[in-house]
Structure formats: C-alpha cells, structure tokens
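Trainee: The lines below spell out each chain.
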Amino acid sequence: DQQVKQNSPSLSVQEGRISILNCDYTNSMFDYFLWYKKYPAEGPTFLISISSIKDKNEDGRFTVFLNKSAKHLSLHIVPSQPGDSAVYFCAASQNTNAGKSTFGDGTTLTVKP
Amino acid sequence: DTGVSQDPRHKITKRGQNVTFRCDPISEHNRLYWYRQTLGQGPEFLTYFQNEAQLEKSRLLSDRFSAERPKGSFSTLEIQRTEQGDSAMYLCASGVLRDSRGYTFGSGTRLTVV
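These protein sequence lines are chains A and B, in that order.
So the first sequence is residues 1 to 113, counted in our numbering.
So the second sequence is residues 1 to 114, counted in our numbering.
Keep in mind that the hints are not guaranteed to be accurate.
Pairs of lysine-lysine residues, derived as DSS-like cross-links and limited to a Cα-Cα distance of at most 27 Å, are as follows [stated by the list, open to error]:
1. A:38 with B:71
2. B:57 with B:71
3. A:38 with B:11
4. B:71 with A:5
I should point out that these hints are in silico values taken from the structure, not numbers from a laboratory.
Bear in mind that the values here come from a model prediction, so they are computed numbers and not experimental data.
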C-alpha cells in the first residue's frame, strides 16, 4: 500500500504560468511534509517543507499548501521558469524523524519557454 | 563543506559478488540515512544512524545488507551475494533533527548487477 501518492507522472506548463503539483497521503501519523526537486544524475534537493500545524508555507516562487482533512498537499510554483524543469518528489514523515521520509513516485515537470 | 559525497558513482558487479558503498555526510550533521531508488519510483528508506548508532532498519534491508557508521562520521553500506534485484540507485542523506532546511542528499551510487 503506497502511503504517499503523486498521481500525475508528468506536467507540462508554459514559462511564466503557474505549476501545481499534487500529492496525497494516507497515513494520519505523518505530520511533516517536504518537497524535493531532482535533476538527472543528481540526488534530490530539498525545496520546501510544511508542518501539520500550518496550512501554507511560502518561499519565494514556491508555496506549499496542506489540507489535513483531505490528506492532500500541493506545491505551487509561480512564475514557472525553464530551470524548474525536473522531477519533483513529495515526501511525508513524522516530525520526530523528518529524515525518515516516505516518498511519492515523483512528477516530472517540464516548463516550456 | 562540499555537501554529501558518495563513492563510487557507478558500480557494475556480477551476481553473487559483494559490494560496498561509502557516504561522507556534511560534517556537522549527526543523522545519516540510506535510501534505495529504482527506476520510476521515489526513494525508499533503508536505515539511519544518529552519530554512530544505527537506530532503525527497514524490512527492505535483508540479511545480505549491512551498514555501519564508525565514529559517527562516514558510513558504509555493504551488500553481500548481490542479486539482480539489488540493481538500483543507493542514496545517502544527512541532516540535523528538526532542521527546517530538510535533509541533504548525495548524488547516489548506481549499482548494476549483471
């Protein structure tokens, strides 16, 4: 049973538009969520995180929204840039051990110039 | 500090051979994690250390796998009697508990068992 799901394997958006990447989780014990970005031949790079005590966290062009009742989170990138093209992983953990994360299978974002 | 280093970047081995990977974390990070990633999937947790103590092992880590972190610095992951199903990217990450900057991953070691 996959506890973290990213149902869209790929997403394509035009440069300057908004990119919305979605993630669903099933384990209600998760209380800390992270997004990582991964380029080919590199390890995942931390992007942004959110604790379950919040419903929104913003960092520059990146905003993560958390809907605990729906067990759903989303990553918004505004405006999208070609350099944002990468695989984005959603990860969930318990705040007591955020390094032990359960990852989704990723969404490949392509931002077209 | 140049981040998390993993060595080698690529390893091709014959089935049945033993392999060992090394991870050098960021020096001030006391927590170190090993993950495995197969094509088209996200990383899967294998095991983690706090300083030199191995605190948890996933059920994915069979008896053929062993990890160490002597002196709480670098870590090694050994796979004995490799099988084709072991072919994957092995990722190491390091961090500090409750650090809002998340955890830093290395570039991984890609293992191919032929």
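Trainee: So, for every hint listed, does it hold in this structure?
Mentor: Here is what the structure says about each hint:
no., hint, result
1, A:38 with B:71, "violated (31 Å)"
2, B:57 with B:71, "holds (19 Å)"
3, A:38 with B:11, "holds (21 Å)"
4, B:71 with A:5, "violated (37 Å)"
The structure fails to meet hints 1 and 4 from the earlier list, while all remaining hints are met.
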